[in-house]
Amino acid sequence: MTDATATAGTVATPSSGPPTSFLQSIVNRLVIIVPYVWLLFFFLIPFVIVFKISLSDTARAMPPYVPTFDISKGFGSLLAGLRELDFENYLWLAGDPLYFNAYISSVVVAAISTVLALLVGYPIAYGMARAPATIRPTLLMLVILPFWTSFLIRVYAWIGILKPEGLLNQFLLSVGVISQPLVILNTYAAIFIGIVYSYLPFMVLPLYSSLEKMDHSLIEAAQDLGCPPITAFWKITFPLSLPGVVAGCLLVFIPAAGEFVIPDLLGGSRTLMIGRTLWNEFNSNGDWPVASAVAVVLLLILIVPIVLFQHMQAKAQEQGR
Amino acid sequence: MNTVWSRFNIASIVLGFAFLYLPIVLLVVFSFNESKLVTVWGGFSTKWYVSLFHNQGLMDAAWVTIRVGLISATVATVLGTLAALTLTRYTRFKGRLLFSGMVFAPLVMPEVITGLSLLLLFVAVNLDRGFFTLTLAHITFSMCFVAVVVQSRLLTFDRSLEEAAMDLGAPPVKTFFQITLPVILPAIVSGWMLAFTLSIDDLVISSFTSGPGATTLPMKIYSQVRLGVTPEINAACTILIGLVATGVVIASVVNKQREVQRLRDEQIALRG
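Protein sequence lines, in the order shown, are assigned to chains A and B. Numbering of the first sequence is given in this note's numbering, commencing with residue 1 and proceeding in unit increments. Numbering of the second sequence is given in this note's numbering, commencing with residue 322 and proceeding in unit increments.
Hints listed in this document are in silico derivations from the structure and should not be mistaken for laboratory results. Every residue gets a Cβ at the ideal spot worked out from N, C-alpha and C, and that includes glycine. Careful, some of the hints might be misleading.
What the hints assert, rightly or not - Derived coverage of chain A by chain B (criterion: at least 3 residues anywhere in the stretch with Cβ under 8 Å from a Cβ of chain B; other residues may be distant):
(1) 43–55
(2) 80–90
(3) 130–140
(4) 149–157
(5) 259–267
(6) 306–317
Stated by the list, open to error - If you only want the chain A side, here are some residues facing chain B, beta carbon under 7 Å, derived:
(7) VAL34
(8) PRO123
(9) ILE124
(10) PHE233
With the rest of the complex left out, here is chain B:
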């Protein structure tokens, strides 16, 4: 019974994945549509990709998006890792409850609320809205996701490795960089990737916190979608999906190899 994977189970998985992937597949297919009508097939064509690269507005927006994504993901990874260390290692300090609240609340907070509140903060401190405020906002919401990812790795981390290093006289900071960091690095990398994806994907918080000259790709896509659906947007979306999918697949392969390597190392260490 235990090994029987019933027909019902298989059917629900197949249907579920069809539901998850069919819209994305259709979107990609119709980006190669000759016809201007998004939903009527008029033959294979790559002309929308060509016109996409001649659309200066979209290209500028893509450049802003990538820069904000790289900067905010990197800062958010540092802050998020520190937050994860705080959550797992420092269990007794004043205001810990508030701290964990501030880390977990942004994960579920409706974006309109976060966006509005950040905008009002920037206005209150008289900060001009633009690239800088956009980056600050992205750091703030994505660092919490990094914190959760890194924290879950730290929770399963074998502390005896660190204790051994410190018993042998390594100072705590050195122990962190030589022992802890290499072990939790895969989690930090996936945290960075998550932060980057969240950043290049965000529409609502960006619309509130951005200003003139700092239009991101989702903002651009959103304003064009409101005017009408065009195959050019499908093409832009397909490129984004392709980039993200490639990144995720590479990351998971690398992660898997590292994991195998780590298990092997631990085995050797335990035996020796």
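Isolated chain A (complex conformation):
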């Protein structure tokens, strides 16, 4: 669909039907205003507060930062408070290699996990799209079902599997593949497994929906003309599934980069990820300003993929109309 037709289709709603009455226009406004105000207050404004606190100094008080703005003390104290804000916490982050390494390792871990999830998820989604139409809804439900069971529980289940005396090692030892238990728990490998496992439905679903829409006669035409199946896949199937690939990768990469539960339960103390650094900074060290600065920088790193994701959502919405 071209942009011109997309906009033409969206103009002038809701205008059909009888002219709107006064009462109706109030209802119309409320439909917009109620969720709008809620999200402004509970989603957007909190970010502004995080940014403000990231510029504040740590203090031994409750709340543990200065300055705190108190409107009742008048405009002067507000201005004085504003002058106290500075980028000290960000300099602190930049000067400490711990944070830098944590950011790098989070992005790398999330990227590797995303690629692994794509490699695991693509054949599943492809198989589902090729399945007989009668069993596709069942397969789809089976992919979604684990998502409905607790995330924490699914991560927890892997501890029993991966630990040195766990089920995987018991199995491999009894089969005789290995003679020494593998050390997987408390390494990056365990984090990869945890992320791929937990986020696999997010990868499979968009892939499936783009593969299912694909016209299979294109492949047949290519093969009739002598194109080998692998070439046909790379020249036709994969390019046509690209929107699904991008959506799936974003849905895995963005949350994985800030993941806390998986590195905490499966990664052990020697692995480094920024979600856990932020958590510790806040809960163990009680340093709210530094934790806020960590969050702001993480958000800046993720802003490009997030905007890309929103753009794709908006486009899909225009096309669905």
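We have chain A already, so just place chain B on it with the hints.
Quick look at chain B alone, frame taken from chain A:
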């Protein structure tokens, strides 16, 4: 060729589903383990379920979790449905771009960021952390998921039904309740269920926004898991999985019946 479901396809689906379900199956199996060692089979026993129900801390946490889940899912469903209507029906108003951004961003936002920002908001407005703040936080992140679910139904909704009703003189609000709402109701129901599941499942945002006296089940499980893996946790997890699985299966059966009914009704309507 079109109908051939190759061996490769079947193998990848079987392996994929084994990967998805094996950990959950093992978890359930070992909740019936006699032995205290979670990964060594010592015979069948239900004693961990018995000791679970005598664990007052876990029971209290379960009660908090269910209450927060019911309240937040219900409010989130109302707000999320309004947001979905806004996104699909009101295409031109000031700040629409910001609005759609605020609906979609929480879907992928790392939980530590959302949790921290909500906590700082509650501190800034001097709201004591506890049951109330926990519920507000859950409403906020789950309403966006409801919005997406309901929105996708609204996009495929045949507007001519509404137009017909309004041409016949039904006021828009009445049209909504008599025509639109019944049609999108399955989506609203699944939105509610999604919101409820997200709420009873959440750990990170809850840990930031909750306070004394409002410990949820995931928070409790998390703190026990950190101390060591016990079969009791397996038993608690199995009950949760059982509840959710039952709910999902019932919902999908009901949904399917409604869908069949709807198609039949539409057929009749078109013919008549």
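Here's how the hints hold up against the structure:
Residues of the segment 43–55 of chain A lying with their CB closer than 8 Å to a CB of chain B number 8, which satisfies the three-residue condition for coverage. For the segment 80–90 of chain A, the proposed coverage by chain B is not satisfied: 0 residues have a C-beta within less than 8 Å of a C-beta in that chain, short of the threshold of three. Beta-carbon proximity to chain B at under 8 Å applies to 4 residues in the segment 130–140 of chain A; the threshold of 3 is reached and the given coverage holds. Counting residues of the segment 149–157 of chain A whose beta-carbon sits less than 8 Å from any beta-carbon of chain B gives 8, enough to reach three: the coverage restraint holds.
Note: the segment 259–267 of chain A has 4 residues with beta-carbon separation from chain B under 8 Å; the three-residue rule is met and the coverage holds. Counting residues of the segment 306–317 of chain A whose CB lies closer than 8 Å to any CB of chain B gives 6, so the stated coverage by that chain holds, three being the minimum. Restraint check, VAL34 of chain A versus chain B: the minimum CB separation of about 6 Å is within 7 Å; hint holds. For PRO123 of chain A, the suggested interface contact is upheld, since its CB lies about 4 Å from the closest CB of chain B, less than 7 Å.
Below 7 Å, beta-carbon pairs count as interface contacts, and ILE124 of chain A has one with chain B at about 4 Å; its hint therefore holds. The restraint placing PHE233 of chain A at the interface with chain B is violated, with a minimum CB-CB distance near 11 Å, outside the 7 Å limit.
Figure legend: structure checked against the earlier numbered hints; hints not met, in rising order: 2, 10.
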